[in-house]
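Student: One letter stands for each residue in the lines below.
2 protein chains.
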Amino acid sequence: MALARNLTNFHLIRACPGSKARAGELVTPHGIVPTPVFLPVGSQATVKTLTPEELEEIGIPMLLANTYHLYLRPGISIIEKVGGLHRFMAWDGALLTDSGGYQIFSLATLRRVTDEGVIFRSHIDGSQHFITPELAIQFQEALGADIIMVLDECPASDAAFEKVERAMLRTNQWAARCQESHKRGHQALYAIVQGGIFPELRHKSAEYLTSLGFAGYAIGGLSLGEPKEVTWRITEETVALLPEAKPRYLMGVGSPEDIIEAVARGIDVFDSALPTRVARNGALFTRRGRVNIGNSVFKKMEEPVDASCYCYTCNTFSAAYLHHLFSCDELLAYRLATIHNLSFITKLMHEARAAILNNTFTSFKDGFLKDYKPTDEQVRLEQKQRWLKARKNV
Amino acid sequence: MALARNLTNFHLIRACPGSKARAGELVTPHGIVPTPVFLPVGSQATVKTLTPEELEEIGIPMLLANTYHLYLRPGISIIEKVGGLHRFMAWDGALLTDSGGYQIFSLATLRRVTDEGVIFRSHIDGSQHFITPELAIQFQEALGADIIMVLDECPASDAAFEKVERAMLRTNQWAARCQESHKRGHQALYAIVQGGIFPELRHKSAEYLTSLGFAGYAIGGLSLGEPKEVTWRITEETVALLPEAKPRYLMGVGSPEDIIEAVARGIDVFDSALPTRVARNGALFTRRGRVNIGNSVFKKMEEPVDASCYCYTCNTFSAAYLHHLFSCDELLAYRLATIHNLSFITKLMHEARAAILNNTFTSFKDGFLKDYKPTDEQVRLEQKQRWLKARKNV
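Residue numbers (our numbering), protein chains in the order written: chain A, 20 to 413; chain B, 20 to 413.
Worth flagging that the hints you see were computed from the coordinates, not collected in a lab.
Be careful, since some hints might not be right.
Since the list can't tell identical chains apart, any single copy or any two copies may satisfy a pair.
What the hints assert, rightly or not - PhoX-like mimics (lysine-lysine), calculated; alpha carbons at most 20 Å apart, straight line:
1) Lys100 / Lys319
2) Lys100 / Lys182
3) Lys366 / Lys389
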């Protein structure tokens with residue numbers, strides 16, 4: 020138990036005077052990760068379409084993989100046999116595994132949640148499984164990621180107070196059991212603050228978890244379809260309850276504009292499938308906002324999609340070529356768009372960090388948000404709901 | 020007209036004493052291509068899943084792209100505007116464009132073939148188009164490939180003698196018109212010998228086309244579902260009618276064992292979608308034959324699929340990882356398998372060429388065919404028929 024508590028793997032380097040933003044670094048057995056940092060999602064031990072070399076070339080220091088997915092396919096024991104997750108996916112950089120709590124409560128068919136653990140059916144083949152906080156840690160220790168997460172219960176964003184409270188109290192108890200069973204000191208264990216959109220529940224969750232002392236604190240249960248102003252209010256209130264000296268991880272965020280908003284509110288770590296998922300749908304990030312490569316304006320464009328971008332895709336191919344690949348459903352399209360979006364986010368994180376270090380973050384943020392036209396709020400909520408619904412039907 | 024006739028772009032370096040096999044080189048404006056050579060298929064200006072850099076790393080000297088596909092999408096004028104096909108797809112190596120004849124007669128809905136040209140409907144949107152031999156050349160000159168092909172009429176493998184004869188005679192006349200309209204001397208124009216499975220028609224075709232004098236000669240209308248022994252008999256009889264000093268290109272072949280058989284019969288150039296298509300279905304080449312990565316034997320295999328292979332895929336990932344990616348339908352799977360199969364074929368061509376140069380080709384061939392267990396003939400014919408049928412239904 021003492022291992023996780025004593026692990027110091029975060030150095031706070033500078034705090035922004037005009038906001039809550041901070042620059043730091045996560046020290047991991049697989050390298051130093053400058054923060055704020057965005058983790059591309061490789062749920063099934065692959066960031067869709069890309070090789071490890073490409074991720075490295077883009078400048079990605081850390082990836083996220085998912086214990087729920089890897090437990091079902093190929094199975095934890097196979098990854099362990101092949102030498103652990105780093106070796107399995109040939110990734111030498113830092114890795115974080117999510118415990119799978121969110122996926123069990125969103126993807127799988129739930130059978131029964133008790134204080135002991137959760138019985139669920141696989142979303143792939145309907146097979147029945149039982150996971151406890153102890154097993155979630157055991158699996159993540161076998162996978163061997165640098166940062167691992169407690170098992171949490173994550174209710175829907177519109178769940179009633181009582182349901183959210185029960186889930187939060189259970190998540191707290193599970194966090195204690197995860198900490199108790201965590202043995203491998205080179206892996207940092209992060210707790211997950213739950214409590215939905217209810218400040219008093221967030222308060223109880225944070226108070227209890229920080230009293231246990233974890234290597235880092237995640238904020239779960241946000242960005243699940245609630246309005247943006249709620250997301251930010253709860254983020255602010257939760258961050259205020261977390262220790263300065265520990266990293267803060269806002270799970271499932273997100274879009275370029277949300278990341279910058281959250282950095283300003285004191286978040287250090289992000290993960291989201293959004294940049295890679297929208298890339299495969301032909302939505303490419305630029306400093307003016309997302310553009311859709313399927314738009315006829317790109318059909319004859321000799322220039323790259325984003326003339327200010329230095330990624331492999333923009334350096335090598337015209338917008339006309341990308342438009343062509345997408346209109347033919349060519350597999351290379353998804354790959355080139357993924358490279359672009361991850362390069363965009365990575366560069367954005369570098370710039371945000373540099374601005375914090377230079378005491379210019381507030382003007383950087385204002386400038387970025389002024390130019391960047393986010394997807395319309397109504398469209399965004401509809402897309403999110405469609406996506407959450409589609410996930411349930413997988 | 021004199022341009023194509025006088026273009027010398029093939030050097031015959033060595034002929035095998037024990038077979039018809041030969042080693043040579045194609046001199047092109049985009050590099051010297053050692054022969055025998057296999058051209059990966061990039062119909063839509065992309066070898067599915069791969070970047071130009073990966074193709075170069077594999078050691079691919081020349082690609083094939085398809086005029087029919089590029090004419091429909093994105094349109095010839097767009098590629099011309101962006102600076103030609105090499106620039107459009109960012110490929111600096113050699114390129115060959117097929118005229119699209121085969122695709123018009125297999126993919127499109129035919130409206131009418133006359134001596135003047137062919138009216139067809141696009142397989143994508145049903146739009147109507149008219150192509151003549153002169154337009155086929157004009158399009159290919161605009162695309163700017165190093166080797167271009169005459170427009171040919173390609174009947175089905177089971178077509179009656181009279182139909183095949185008519186198509187062959189028309190192809191001959193179209194070849195003469197293509198030659199007449201071909202203006203750009205840096206592009207080598209190849210003729211296509213037709214005549215189906217009828218030796219006397221092949222004879223008439225070859226006699227006429229060689230009398231016109233082309234930079235190279237392709238054999239079309241084979242490997243379309245006819246039995247293997249017919250393929251080889253017709254190949255042998257046709258090769259015997261072609262000039263020693265010119266390259267010979269067997270269109271649409273193929274599998275590793277067929278390529279080696281055809282090299283022994285005097286073929287210099289090959290193209291086929293087979294290695295890349297079967298890769299995306301999880302069939303990987305090894306010296307013992309194709310293996311299916313979905314087989315449970317690979318589920319826990321720490322070693323690469325092919326321990327004797329030095330490709331990126333086998334160098335980097337276990338068979339267990341590849342098996343996992345395929346069972347999850349992960350897009351990276353198709354890419355890693357494509358890299359492996361193209362590396363296998365490329366290495367095979369290098370070895371065949373080295374054996375010809377060392378006067379050991381016959382024993383190389385016998386050794387390769389002894390170890391390599393081809394797909395069962397019955398299975399092969401069924402697969403081929405299914406595939407041809409599926410193409411008709413696109």
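Student: Between Lys100 and Lys319, at a C-alpha cutoff of 20 Å, which is it: within one copy, between copies, both, or neither?
Tutor: between (51 Å within a copy, 8 Å between copies)
Student: How do Lys100 and Lys182 come out at 20 Å by Cα distance, when the copy is not named: within, between, both, or neither?
Tutor: neither (40 Å within a copy, 61 Å between copies)
Student: Can you give me the call for Lys366 and Lys389, within, between, both or neither, at a CA distance of at most 20 Å?
Tutor: within (18 Å within a copy, 54 Å between copies)
Taken one by one, the earlier hints fail for this structure only at number 2.
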